[in-house]
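Build out the structure end to end from the sequences listed, making use of the hints.
Each chain, written out:
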Amino acid sequence: MVSGLHIQYYFVCHRKLWLYAKNIQLEEGHERVQTGKILHERAYKNSEEKELAVDNIKIDAIDGEYVREVKVTSKMTKADKWQLLFYLYELKKRGLNKKGLISYTKEKRTEEVVLTEKDEEELDKIKESIQEIMEQSYPPGVIHSPICTKCAYYDFCYAEEGEE
Amino acid sequence: MNKDYYIFKSGRMRRKNNTFYFIDKEENKKSLPVHQMENIYVFGKVDFNTDFLNMLTQHNVRIHFYNYYGFYNGTYYPRSRQVSGFTVVNQSNHYLNEVKRQYLAKQFVSSSAFHMLRNLRNHKNYDEVASIMESMQSHLDLLDNVQRIPEIMGVEGTIRQLYYASFNYILPAEFAFDERTKRPPKDPLNAIISFGNSICYTTVLTEIYKTHLDPTVSFLHEPSTKRFSLSLDIAEIFKPLLVDAVIFALLNRKQIKTSDFEYLEDMVILNDSGKKKFIKEWNGKLETTIKHRRLKRNVSYKYFIRLECYKLIKHFIGDQQYKPLKAWW
Chain A
267 MVSGLHIQYY
277 FVCHRKLWLY
287 AKNIQLEEGH
297 ERVQTGKILH
307 ERAYKNSEEK
317 ELAVDNIKID
327 AIDGEYVREV
337 KVTSKMTKAD
347 KWQLLFYLYE
357 LKKRGLNKKG
367 LISYTKEKRT
377 EEVVLTEKDE
387 EELDKIKESI
397 QEIMEQSYPP
407 GVIHSPICTK
417 CAYYDFCYAE
427 EGEE
Chain B
13 MNKDYYIFKS
23 GRMRRKNNTF
33 YFIDKEENKK
43 SLPVHQMENI
53 YVFGKVDFNT
63 DFLNMLTQHN
73 VRIHFYNYYG
83 FYNGTYYPRS
93 RQVSGFTVVN
103 QSNHYLNEVK
113 RQYLAKQFVS
123 SSAFHMLRNL
133 RNHKNYDEVA
143 SIMESMQSHL
153 DLLDNVQRIP
163 EIMGVEGTIR
173 QLYYASFNYI
183 LPAEFAFDER
193 TKRPPKDPLN
203 AIISFGNSIC
213 YTTVLTEIYK
223 THLDPTVSFL
233 HEPSTKRFSL
243 SLDIAEIFKP
253 LLVDAVIFAL
263 LNRKQIKTSD
273 FEYLEDMVIL
283 NDSGKKKFIK
293 EWNGKLETTI
303 KHRRLKRNVS
313 YKYFIRLECY
323 KLIKHFIGDQ
333 QYKPLKAWW
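Each protein sequence line maps, in turn, to chains A and B.
Take the position in the first sequence, starting the count at 1, then add 266; the result is the number in this note's numbering.
Take the position in the second sequence, starting the count at 1, then add 12; the result is the number in this note's numbering.
Simulated from the structure, these hints should not be mistaken for laboratory data.
As the structure is a prediction and not an experimental result, all values here were calculated from the model.
Take these hints with a grain of salt, some might be off.
As a list, the in silico BS3-like pairs of lysine-lysine whose alpha-carbon atoms are at most 25 Å apart [to be verified]: (1) A:288 / B:326; (2) A:391 / A:344; (3) B:289 / B:37; (4) A:288 / A:393; (5) A:341 / B:308; (6) B:326 / A:416; (7) B:222 / A:288; (8) A:358 / A:347; (9) A:288 / B:335; (10) B:112 / A:288.
Non-contacting residues of chain B with respect to chain A, defined by C-beta distances greater than 12 Å in every case (computed) [said to hold, decoys possible]: (11) 17; (12) 109; (13) 146; (14) 183; (15) 276; (16) 283; (17) 289.
Cβ coordinates follow ideal geometry from the N, Cα and C atoms, glycine included.
What follows is the structure, given as structure tokens:
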């Protein structure tokens with residue numbers, strides 16, 4: 267079943283998505299992942315509801331008519347936006363109509379996210395391609411992007427014998 | 013920065029609130045920083061209870077036990093957190109498929125031989141060493157022509173025997189030896205090699221456990237119920253690169269002398285001062301860094317072991333064919 271993290275990874279790197287889906291997880295102990303964890307623990311002291319976990323969705327917090335997500339930096343805006351849209355869509359299917367708010371702590375900025383019909387169609391397509399990627403027998407190749415060096419999988423992807 | 017702790021004395025391990033204490037026979041209490049620990053190596057006689065083990069599990073600390081003679085007894089492993097059935101199934105497939113298994117077995121042997129030859133490269137000026145190296149190389153060339161695992165093992169055995177024969181030319185005279193004797197070691201050189209190899213084995217095992225590999229499924233060595241044999245496979249690469257380099261340094265710098273050994277009736281072992289000297293040099297070696305060509309940053313020798321594990325996973329899941337480390341520096 268597709269989860270919010272799958273949506274994230276789909277926009278970040280298909281290889282990461284595949285490895286994660288095969289339980290080859292390397293986030294444990296990675297510095298940036300730790301920062302994110304601590305941020306989540308601290309962020310929702312004041313909202314009425316913390317965490318909501320139903321089936322494949324795990325939402326940080328619901329605050330009135332808003333679903334809230336908090337992120338360290340705005341570097342992954344597209345992935346963050348679709349992850350939140352995915353949650354809104356899943357909630358809608360369960361009869362809950364909400365809007366979303368993403369807070370970027372470093373930039374002290376908050377963005378509103380509203381789910382449209384077009385987004386819903388797009389999400390159906392995204393979920394289908396995620397399924398396809400996860401069913402591949404071999405991992406997709408390394409994307410060699412500037413974001414690689416910050417990724418928990420960097421050492422794994424680049425562990426190889428280089429030529430002289 | 014995670015550190016390893018070594019206990020040579022006898023005494024008790026106690027947990028009080030959130031702290032570890034080691035209390036020796038004279039009731040000296042020493043607190044150990046559990047948050048920064050990765051491994052505890054126990055060489056002495058130590059009492060402890062399940063509270064203590066629970067705390068090790070909580071903090072993901074391994075504890076390795078050695079007997080009086082410095083031989084490895086076993087390890088308490090906190091339940092592993094890295095589990096990937098997909099990886100283990102594919103790892104096993106590379107064992108069950110004879111051709112795939114032979115490929116990996118040969119990679120371990122060729123990297124091991126490469127590092128043995130590398131250790132001798134600075135001693136080529138001795139005619140005897142040069143001719144041993146030639147002979148090692150010609151046996152290594154045979155690897156392309158053999159297929160079956162026992163034959164691959166045979167090539168490895170011959171190369172290693174030749175390699176050990178060269179030690180008499182490059183080490184101080186008081187450490188001369190006739191042959192490699194393991195159970196038990198009959199002379200000081202054999203004693204230090206055995207001790208070093210067993211430390212290397214647990215270091216490799218620790219790194220394997222941080223990944224998704226199954227330590228019991230091996231390729232060059234037959235998977236057996238007795239040992240984590242994958243760690244023997246990977247240790248082949250690192251024994252000459254790390255253990256032998258440490259031994260050469262300690263003996264040639266005369267840091268370890270014949271007085272650092274204990275001479276028993278039918279065997280020789282490192283005494284506590286010898287073990288301590290070895291471990292100090294060993295840890296220094298593990299922390300030494302080399303600029304990695306692909307990661308583009310400095311990487312410790314210890315981390316090179318982890319990278320070897322990652323390369324094996326990549327091989328198993330059909331991502332990238334495994335090429336073993338061949339130290340290029």
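To see whether the hints hold, each was checked on the structure:
1. A:288 / B:326: holds, 12 Å
2. A:391 / A:344: It holds: about 16 Å lies between the C-alpha atoms, which stays within 25 Å.
3. B:289 / B:37: Status holds; Cα separation ~23 Å.
4. A:288 / A:393: holds, 17 Å
5. A:341 / B:308: holds, 23 Å
6. B:326 / A:416: The given pair, whose Cα atoms are some 20 Å apart, holds under the 25 Å limit.
7. B:222 / A:288: holds, 16 Å
8. A:358 / A:347: Roughly 16 Å separates the two Cα atoms, so the pair holds.
9. A:288 / B:335: Between residue 288 of chain A and residue 335 of chain B the Cα gap is close to 23 Å, so the pair holds against 25 Å.
10. B:112 / A:288: holds, 22 Å
11. 17: Check passes; 19 Å lies beyond 12 Å.
12. 109: Residue 109 of chain B is indeed farther than 12 Å from all Cβ atoms of chain A, at 16 Å.
13. 146: At about 24 Å from chain A, residue 146 of chain B clears the 12 Å cut-off, so the statement holds.
14. 183: Non-interface label stands for residue 183 of chain B: nearest chain A Cβ at 31 Å, farther than 12 Å.
15. 276: About 43 Å separates residue 276 of chain B from the closest Cβ of chain A, which puts it past 12 Å; holds.
16. 283: holds, 37 Å
17. 289: holds, 32 Å
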